[in-house]
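> Sequence:
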Amino acid sequence: MLLERQTQLRQLEALLADAMQGCGRVAALSGEAGAGKTALVEAFVDHVGVDRLGQGVTLLRSACEDLSIPDPLGPLYDLAREAQWELPRAIDDRQGQRLPLFSDALDVFEAKGPSLLVIEDLHWADDATLDFVRFLGRRVANSHILLLVTARTDRSEGQARVRRALGEIPAGNVVRIEVPLLSAAAVLSLAELAGRDGDAIYRATAGNAFFVTELLAAESDTALPASVRDAVLARAERLSPGARSMLDAVSVFPRRADGWALQGLCGIAAAGQLAECVSQGLLEDFGDGYAFRHEIARRAVEMALTPSRRREYNQRALAALQENPDVATARLVHHAVEAQNLEAVRTLAPLAAREASRVGAHRDAAGHYEVALRYSDALPMESQAALHEGHAFECHLIGRIDAAMAAQGEARRLWQALGDRLKEGDSLRCLSRFAYLVGDRAAADRFGVQAVELLETAPDSAELAMAYSNLSQLAMLAERLEETVSLGAKAVELAERLNRPDILCHALNNVGAAGQWLDFAKGRRDLARSLGIALAGNFQEHAARAFTNCACVEMNRLNLNEAEAFLERGIAYCVENDLATWRDYMRGVQAQLLLRRGLWNDAAMMAHDVIDDDATTALVRYPSLVALARLRIRRGDPSAEPVLDEMRRFLDKGMELQRLVPYAAVMAELAWLGQGDADEALRLIDLAESLSPTRAVVGELVTWRQLLSPDSDPGETSGMAEPHRLLLGGDWRGAAAFWAGMDAPFERALALLHGDEAALREALDILEGLGARPVAQHVRGLMRQSGVGHIARGPRQATRANLAGLTQRQMEVLQLIERGFSNKKIAAHLTISPKTVDHHVSAVLEKLEAVSRGEATAAARASGLL
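The opening residue of the sequence shown carries number 0 in numbering that gives the first Met the number 0; numbering runs sequentially from there.
If you're looking for bench data, these hints aren't it; they were derived computationally from the structure.
There's no promise every hint is true.
Beta-carbon label-pair distances, calculated as ranges [to be verified]:
{"#": "1", "residue 1": "205", "residue 2": "376", "range": "25 to 35 Å"}
{"#": "2", "residue 1": "237", "residue 2": "835", "range": "49 to 59 Å"}
{"#": "3", "residue 1": "188", "residue 2": "153", "range": "23 to 33 Å"}
{"#": "4", "residue 1": "648", "residue 2": "531", "range": "35 to 45 Å"}
{"#": "5", "residue 1": "673", "residue 2": "373", "range": "57 to 67 Å"}
{"#": "6", "residue 1": "730", "residue 2": "648", "range": "36 to 46 Å"}
{"#": "7", "residue 1": "853", "residue 2": "688", "range": "19 to 29 Å"}
{"#": "8", "residue 1": "688", "residue 2": "350", "range": "54 to 64 Å"}
{"#": "9", "residue 1": "481", "residue 2": "685", "range": "47 to 57 Å"}
{"#": "10", "residue 1": "688", "residue 2": "832", "range": "45 to 55 Å"}
In silico lysine-lysine, DSS-like type, Cα no more than 30 Å apart, as pairs [claimed, not checked]:
{"#": "11", "residue 1": "824", "residue 2": "846"}
{"#": "12", "residue 1": "834", "residue 2": "824"}
{"#": "13", "residue 1": "489", "residue 2": "521"}
{"#": "14", "residue 1": "652", "residue 2": "422"}
{"#": "15", "residue 1": "422", "residue 2": "489"}
{"#": "16", "residue 1": "846", "residue 2": "823"}
{"#": "17", "residue 1": "834", "residue 2": "823"}
{"#": "18", "residue 1": "846", "residue 2": "834"}
{"#": "19", "residue 1": "652", "residue 2": "489"}
We treat Cβ as the ideally placed atom computed from N, Cα and C, and that holds for glycine.
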């Protein structure tokens with residue numbers, strides 16, 4: 000009997016009806032383990048079978064498995080089999096490229112007509128599967144597909160990844176449906192039908208549907224089992240010895256055990272023993288396989304096995320599964336690890352890693368390499384070094400740069416011991432790149448030079464070409480333009496001679512990025528060629544880097560529409576290919592673009608998404624730090640200093656102009672507002688000018704210097720972006736008009752500050768509208784100094800004592816609560832972290848003696864606070 004689920008069933012029914020009309024959705028069922036998500040899916044599927052299959056609705060089902068390392072695209076294989084689509088062949092045809100593969104999948108499923116696709120237990124999904132959900136979620140609105148997924152609401156890493164994946168689907172395309180615990184009334188009703196003590200069962204279960212079911216099936220309620228595990232094991236003890244052994248054997252198979260595998264594992268007696276397990280309600284018979292009624296029950300039985308029995312059953316499972324060539328390698332690795340079959344692990348784990356990497360499941364590839372390395376001591380040194388290199392590469396793709404450096408360092412040691420100069424040199428080049436990614440510029444330069452010096456002692460090689468390109472990249476990042484072009488030319492020539500398009504596109508990227516300051520049109524062409532080669536060759540990291548540099552070049556030239564297009568394409572590409580490092584870097588650049596466009600709440604939210612992730616590396620954080628520092632200064636948030644400190648630490652490790660310029664601009668803005676050291680800000684601007692290869696780089700800084708020191712000489716302005724050149728030439732109207740045409744309100748206001756009284760008033764209105772309170776207050780002071788009268792006072796601050804004891808910040812939070820803002824939206828609006836908002840909200844509720852947000856706002860209105 001399914002109680003208290005009619006609301007959810009009606010929601011699903013409505014969503015399916017919409018899909019049948021060509022308005023598809025993703026429906027996400029969430030609830031704690033045992034809450035009844037699967038039971039709800041079964042009820043809905045049964046309803047679909049009765050009412051809809053005759054109307055042409057196709058049902059395709061799949062689920063994720065609780066493997067030690069997930070099976071890449073496992074659920075998609077399930078859906079493909081049910082749709083009679085040969086996915087392995089499709090993967091080969093698409094050479095592992097996910098976007099074309101996912102497009103093929105969408106075409107296959109859409110060709111079935113109205114379809115219900117089910118993926119259960121998404122919290123165990125691999126990254127490639129999550130990317131498929133993202134892909135389908137972004138395109139489902141105009142399809143006849145309802146994608147129904149289930150996931151737990153625990154605080155596990157898997158659940159967090161599901162939340163992020165669903166969060167990257169347009170809000171209108173995804174519907175979240177909670178599956179709550181059963182109420183006391185529902186439990187009492189079920190218990191009454193079974194003649195049991197409902198109060199006792201509810202106290203023991205708190206309404207967990209699976210636990211309730213297990214206790215209702217218990218022999219007696221005189222001594223209720225204390226946990227689901229105890230309840231399941233009590234039922235298992237009723238089985239005959241043979242059936243209990245069969246139950247133990249099935250328990251080592253995550254999700255389900257195929258019938259043919261059990262036949263091979265347990266012999267001809269399997270059928271009768273399985274039938275007994277089914278009759279006792281411990282297993283379900285799916286015709287071609289068997290599974291526990293819930294993962295909680297499977298884990299209870301599995302964890303009750305002695306270590307030796309667990310190893311034995313997993314070894315037998317491994318042997319049975321190896322007889323079938325269609326079994327996923329990840330499943331074999333799981334059983335090999337559980338069986339402690341080291342020879343099998345050494346053979347299978349590297350293969351599983353390569354398979355995962357091929358379809359872009361880089362997190363899972365890194366996991367398989369870690370497993371392989373755990374048992375690699377008996378392997379030859381060459382094999383160990385190759386495993387470390389593979390692990391390093393996958394780790395760096397998912398942002399685990401410290402782990403990548405450790406693995407690559409070990410690979411270098413092994414290659415050096417083997418006397419392999421090419422491999423050792425290439426390891427040094429990789430270490431150079433990883434050092435740069437963690438913000439250690441000095442180490443990056445040192446490793447890069449060592450790589451070239453070593454590789455030049457050997458015949459020309461692809462490794463040398465890549466080492467040249469790496470040094471070219473480092474030179475480009477330091478704005479050493481001639482060195483970038485010279486080293487890049489060496490890399491291009493050698494890459495073309497050796498027919499290495501991957502190295503060619505890397506070198507062209509460097510030359511093109513430097514070309515923005517030398518020959519903009521040629522630089523654009525080189526970058527476009529680099530991106531085209533990378534996409535055509537499926538060189539994923541090179542493509543992500545090309546998207547990033549294309550966007551940054553356009554941002555530097557204030558071509559915001561072009562930059563926005565590259566960022567949208569690049570971020571989508573990185574999301575779909577699990578390239579977390581480049582994705583988050585571009586998100587920071589996008590936050591800066593949103594800031595310039597006046598979309599400050601969106602910019603704050605984007606920046607916090609990157610900065611609040613503890614796994615984000617230092618270098619990747621920097622663009623988001625720039626956006627957040629400017630926001631906090633302009634809005635008057637008192638917590639800007641920690642952001643500035645983190646930005647300052649980058650300069651301590653290496654004085655790169657691309658880091659120095661935004662930091663100097665932020666410090667100049669702070670000094671202009673009277674909150675910073677003007678002499679230090681001017682020193683930083685002078686330093687940036689001395690390091691700059693062209694005046695175009697420092698246009699914004701020179702405009703800040705004019706605000707700090709109006710009598711200073713702007714110097715040569717040719718080559719600077721148009722609004723900077725106009726403003727420094729005295730044409731504030733032209734500069735303001737330019738910024739207005741770009742929808743850049745803050746910069747427009749700064750240009751207007753150079754104008755007449757009407758311009759000053761217009762600037763003040765713009766700043767008030769943006770919520771730039773400290774800046775607006777500073778402008779009022781400037782206006783008064785200039786003799787301007789009748790200046791608007793701006794939003795009046797509450798002056799009466801707050802009887803509730805709320806601080807100013809807590810009052811701001813209370814006002815946003817009244818407006819219906821979520822904690823995340825409040826964080827973005829105030830440019831503070833969501834954790835800080837949580838603390839403020841708790842304090843507000845406590846001081847107002849309220850138990851809910853609604854009660855707090857009602858109390859605040861009653862006391863005159865709102």
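> All hints, please: hold or fail.
Hints, verified against the model:
1. The given range of 25 to 35 Å is broken by residue 205 and residue 376, whose C-beta atoms sit roughly 48 Å from each other.
2. For residue 237 and residue 835, the hinted distance range of 49 to 59 Å is satisfied, since their beta carbons lie about 54 Å from each other.
3. The hinted window of 23 to 33 Å between residue 188 and residue 153 holds, with their beta carbons roughly 28 Å apart.
4. Between residue 648 and residue 531 the beta carbon distance is about 37 Å. The supplied range of 35 to 45 Å therefore holds.
5. Distance hint check: the CB atoms of residue 673 and residue 373 are about 58 Å apart, consistent with the given range 57 to 67 Å.
6. Range check, residue 730 to residue 648: about 39 Å between beta-carbon atoms, so the 36 to 46 Å window is met.
7. For residue 853 and residue 688, the hinted distance range of 19 to 29 Å is not satisfied, since their beta carbons lie about 56 Å from each other.
8. Look at residue 688 against residue 350: about 55 Å separates their beta carbons, and that is inside 54 to 64 Å.
9. Checked against the hint of 47 to 57 Å, the C-beta distance between residue 481 and residue 685 comes to roughly 23 Å, which is inconsistent with it.
10. Separated by about 35 Å at the C-beta atoms, residue 688 and residue 832 break the suggested range of 45 to 55 Å.
11. Taking the CA atoms of residue 824 and residue 846, the gap is about 22 Å. The hint holds against a cut of 30 Å.
12. With a C-alpha separation of about 12 Å, the suggested pair residue 834 and residue 824 falls inside the 30 Å cut-off, and the hint holds.
13. A hinted pair counts as satisfied when its Cα atoms are at most 30 Å apart, and residue 489 with residue 521 qualifies at roughly 18 Å.
14. Taken as a hint, the residue 652 and residue 422 pair is honoured in the structure, with Cα atoms around 28 Å apart against an allowance of 30 Å.
15. Taken as a hint, the residue 422 and residue 489 pair is honoured in the structure, with Cα atoms around 20 Å apart against an allowance of 30 Å.
16. For the proposed pair residue 846 and residue 823, the alpha carbon gap of about 22 Å is at most 30 Å, so the pair holds.
17. At most 30 Å may separate the alpha-carbon atoms for a hinted pair to count; residue 834 and residue 823 meet this at roughly 9 Å.
18. A C-alpha spacing of about 19 Å is found between residue 846 and residue 834, which places the hinted pair at or below 30 Å, so the restraint holds.
19. A C-alpha spacing of about 28 Å is found between residue 652 and residue 489, which places the hinted pair at or below 30 Å, so the restraint holds.
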